[in-house]
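S.K.: Take a look at the letters that make up each chain.
There are 2 protein chains.
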Amino acid sequence: MGAIHKQSSGVNSPSWSYPTVPLSDYSTAASAGITKQVLTGIAEGAADFIVRYFTIPPGGKSAFDQHRHQHGVVITHGTGRVLLGEQWHDLSAGDAVFIDTDEIHQLEATGAAPLGFICVIPRWAEGDSCAASVK
Amino acid sequence: MGAIHKQSSGVNSPSWSYPTVPLSDYSTAASAGITKQVLTGIAEGAADFIVRYFTIPPGGKSAFDQHRHQHGVVITHGTGRVLLGEQWHDLSAGDAVFIDTDEIHQLEATGAAPLGFICVIPRWAEGDSCAASVK
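If you read the protein sequences in the order shown, they are chains A and B.
Just so we're on the same page, our numbering is the position in the first sequence counted from 1, plus 91.
Just so we're on the same page, our numbering is the position in the second sequence counted from 1, plus 91.
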């Protein structure tokens, strides 16, 4: 059965809010204030992939990470940059990032507003220890 | 190896543009002008899931559809509604929709601007005949 999670912030809000989705603290050794919300996941019956929404506060960064699963990321808010291997790439709203298996990666919010993004992982990676940081 | 597709439209543009991603016409019997772009897919090496970006022009609607794969949808632009089974639900930016296996579904752009959205499907469904419409 399908499910809908309504976003409750205004269209020009610097990030999205989901009253019907639990918010997890995904702070890392590098940064406090990182949030994660699972938009379509195990609770909804997801069989193949999990769609999450993250925010990283200004100046914050996700863990310096490497995983055996891939990620599909689409930036929704703010500006930032992503480390892929040894190279940093600037990011803004709409930019899409494919993070490959075992690729070193880190996301950083470089602007005055939070960096918000959709991040998709395979269903098999959810609950895996390597899915426990922002990636 | 990772990949980045930069979005080239301004932050307040009514939809996103990706110069490095081929644009497919996904018009249906119901509507012309529907576009699809694969942001992280087979070309990037996706193993488990495919992230696509669609736009439906004002007044347009996707095919009345039913598939054996699930979808994870996040609205990025505009306003619209989605049919899940027999019930229509209003949508605006940030809203997340989980479409379950075999669930009847259709998306409609109800505002003056295009309806833009991210739509994720499993890798195994890409190239399947049932992945050939917007869903």
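Hints in this document: simulated from the structure, not taken from any laboratory.
One or more hints might be untrue.
[As the list claims (entries may be wrong)] Result set (DSS-like, lysine-lysine): computed pairs, CA atoms no more than 27 Å apart in a straight line:
#, chain 1, residue 1, chain 2, residue 2
1, A, Lys127, B, Lys97
2, A, Lys97, A, Lys127
3, A, Lys97, B, Lys127
4, B, Lys127, B, Lys97
[As the list claims (entries may be wrong)] Distance ranges between label pairs, derived from CB positions:
#, chain 1, residue 1, chain 2, residue 2, range
5, B, Gly202, A, Met92, 25 to 35 Å
6, B, Thr111, A, Asp116, 28 to 38 Å
7, A, Thr111, B, Thr192, 14 to 24 Å
Please read these numbers as outputs of a predicted model, since none were measured by experiment.
Using N, Cα and C, we set each Cβ at its ideal position, and we do this for glycine too.
S.K.: Give a verdict on every hint.
M.R.: Now the hints, each set against the structure:
{"no.": "1", "hint": "A/Lys127 - B/Lys97", "in the structure": "holds, 24 Å"}
{"no.": "2", "hint": "A/Lys97 - A/Lys127", "in the structure": "holds, 16 Å"}
{"no.": "3", "hint": "A/Lys97 - B/Lys127", "in the structure": "holds, 24 Å"}
{"no.": "4", "hint": "B/Lys127 - B/Lys97", "in the structure": "holds, 16 Å"}
{"no.": "5", "hint": "B/Gly202 - A/Met92: 25 to 35 Å", "in the structure": "holds, 27 Å"}
{"no.": "6", "hint": "B/Thr111 - A/Asp116: 28 to 38 Å", "in the structure": "holds, 35 Å"}
{"no.": "7", "hint": "A/Thr111 - B/Thr192: 14 to 24 Å", "in the structure": "holds, 22 Å"}
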